[in-house]
Structure formats: structure tokens, C-alpha cells
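Chains as they are written, first to last, in the working numbering: chain U, 1 to 118; chain P, 1001 to 1118.
Think of the hints as simulated: they come from the structure by calculation, not from any bench. All values reported here derive from a predicted model rather than from experimental measurement. Even for Gly, the Cβ is constructed at its ideal location relative to N, Cα and C. Heads up, a few of these hints could be off.
Not the full set, but computed from the structure, chain P residues with beta-carbon under 7 angstroms of chain U [said to hold, decoys possible]:
hint: 1; residue: Val1018
hint: 2; residue: Asp1044
hint: 3; residue: Ile1046
hint: 4; residue: Ser1049
hint: 5; residue: Gly1051
hint: 6; residue: Asp1052
hint: 7; residue: Asn1053
hint: 8; residue: Ile1061
hint: 9; residue: His1066
hint: 10; residue: Tyr1077
hint: 11; residue: Ala1079
Every beta carbon over 12 angstroms from chain P, so not counted as near; a handful from chain U, in silico [claimed, not checked]:
hint: 12; residue: Pro7
hint: 13; residue: Arg19
hint: 14; residue: Gln22
hint: 15; residue: Glu64
hint: 16; residue: Ser65
hint: 17; residue: His91
hint: 18; residue: Arg105
Number of protein chains: 2
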Amino acid sequence: MTKFVSPGRHLLIDFWDVRHLQDAPQIEHAMRDAANACGATVLDVILHSFGDNAGITGVAILAESHISIHTWPEINYVALDVFVCGACDPHKALNVLRSTFEPQREHVQEFHRGKMEM
Amino acid sequence: MTKFVSPGRHLLIDFWDVRHLQDAPQIEHAMRDAANACGATVLDVILHSFGDNAGITGVAILAESHISIHTWPEINYVALDVFVCGACDPHKALNVLRSTFEPQREHVQEFHRGKMEM
Chain U
1 MTKFVSPGRH LLIDFWDVRH LQDAPQIEHA MRDAANACGA TVLDVILHSF GDNAGITGVA
61 ILAESHISIH TWPEINYVAL DVFVCGACDP HKALNVLRST FEPQREHVQE FHRGKMEM
Chain P
1001 MTKFVSPGRH LLIDFWDVRH LQDAPQIEHA MRDAANACGA TVLDVILHSF GDNAGITGVA
1061 ILAESHISIH TWPEINYVAL DVFVCGACDP HKALNVLRST FEPQREHVQE FHRGKMEM
């Protein structure tokens, strides 16, 4: 039987009608909590705010890949990525992000990056 | 007629059998060149090397979202993401990344993040 391996699992997460889109401390807290929840190690977190009434963009660099966030307050939307390798479960991070942002609508896609036949 | 808008275009790029997987200066150069090629503004670049014979992980934070990289030298594979909003064309960044890494095999998927009916 053919077996496949994948070095990393990647969730593309679209949330609409959320809270905290312009709250940088809350966003950093959520990213660190999400990383911890899935068993990842945070190496660095960078956030940039684009000013009053504008979005925030940021990334948590993980020993196991990354979590990224880009918010668009003008359309009440946030794009999140959770990309983790090894034994980390990205769905545990997703649950933390759901609790933080409380989306009224969401679209989540999962990809097994670099999948290869063994 | 229904019209759709999307705040950002996101390429998930898997490259196999590449070069420069452990060359941090070359990787940073490629990320900056890729951002410039698609018309994006680099706010910050962070790279972490995991040591001899291990991979490199990093992100270029853009005013228009991000470019990320995670390399697995042990399987000769690199996972790249190009996520850009506005008028930036992620395929121009992809061309730069192809030139740098010279993959013998690739898989590229494009997503219109946050697509909404208008």
C-alpha cells in the first residue's frame, strides 16, 4: 500500500464579523496562546499596526513554522494561517483563535504541505 | 451579475529538489527580491537557522501581508507562502523564488483569501 508523509500541516483560516481586529496586545496574546495550545515553541512575534482605524499584520515565528495574522477592520475580516510541523495539532490553535476572535462566519481549509509518497 | 472581491491573494508554494536550503543570506536576498518584484513593501525580515544540516525558517513582513519560508534540507524541500493584497501580483514573486531555488519539481496553489460577494 502506498504511504504518504507530509512535513507540515497548514490551516488557512478566514474569519468574518469578529472582535479585537485592532487590539495589538490581545492579538499577540492570542497568537502565543494558540502556539502553546498546539504544542509549538514561539521564537519571535512581530506585529505592525497601520494606525487608527486600519489593520494589524503580524507573524509568530515558531520552531515548528508560523502563525500569521492580517486584519481588515474596514470589512470586519481577519486572515489567519497556522502552519506547524511535527506532532503539533493546528486544530488546537484554531480553537484558541476562535475563542479570541469569536467569528460569526468562518472558512477553514487544511493542507498537508510537501506531501510525498514513501 | 454577482461580483466578488478578495482582500488578498495567497500562493502556497511547494518546491522539491532545490538549492540554497541552508543559505540564510541567499534566502533573505530572495525574499526581499520577491517582495520587490511583486510591488510590495518590506517592513521586516526575520530568519532563524536551526543549525548545521538543519533547516531555516523565516518571514518577510510586508505592508501588503507576508512571504514565509520553511526549509527541510533532509528531504530537499521548501515550503513558501506569498500572501499579498492590493495591486501586488504574487506570481511575479513566484518567478523570483523559482529563479533562486531552481526546483526540479513544484506544486503551486492559489487562493483568494476572504472572498466576499458584493
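Item to check | Nearest-CB test (12 angstroms) between chain P and His91/U | outcome: holds (18 angstroms)
Item to check | 12 angstroms Cβ clearance of Glu64/U from chain P | outcome: violated (9 angstroms)
Checklist entry - Does His1066/P pass the interface check with chain U, least Cβ-Cβ distance below 7 angstroms? => result holds (6 angstroms)
Next on the checklist: Tell me if the interface restraint on Ile1061/P is satisfied: Cβ within less than 7 angstroms of some Cβ in chain U.
Outcome noted: holds (6 angstroms)
Checklist entry - Per the stated criterion, does the least C-beta distance between Pro7/U and chain P lie above 12 angstroms, as a non-interface residue requires? => result violated (5 angstroms)
Item to check | Given hint Gly1051/P near chain U, where the shortest CB pair must fall under 7 angstroms | outcome: At 12 angstroms from the nearest chain U Cβ, Gly1051/P fails the 7 angstroms test, so the hint is violated.
Item to check | Given as non-interface: Arg19/U, partner chain P, CB spacing beyond 12 angstroms | outcome: Given that every Cβ of chain P is farther than 12 angstroms from that of Arg19/U, nearest at about 17 angstroms, it holds.
Checklist entry - Per the CB criterion, is Ile1046/P less than 7 angstroms away from chain U? => result holds (6 angstroms)
Next on the checklist: Using the nearest Cβ pair, does Tyr1077/P come within less than 7 angstroms of chain U?
Outcome noted: Status holds, d = 5 angstroms.
Checklist entry - How about Val1018/P: closest beta carbon in chain U under 7 angstroms, or not? => result Violated. Min distance 12 angstroms.
Checklist entry - Holds or violated: Asp1044/P as interface residue toward chain U, Cβ cutoff 7 angstroms? => result holds (6 angstroms)
Next on the checklist: Is the interface hint satisfied for Asp1052/P? The criterion is a beta-carbon contact with chain U at less than 7 angstroms.
Outcome noted: Not OK, violated: Asp1052/P not within 7 angstroms of chain U, min 16 angstroms.
Consistency note: the structure conflicts with the earlier hints numbered 1, 4, 5, 6, 7, 12, 15, 16 and 18.
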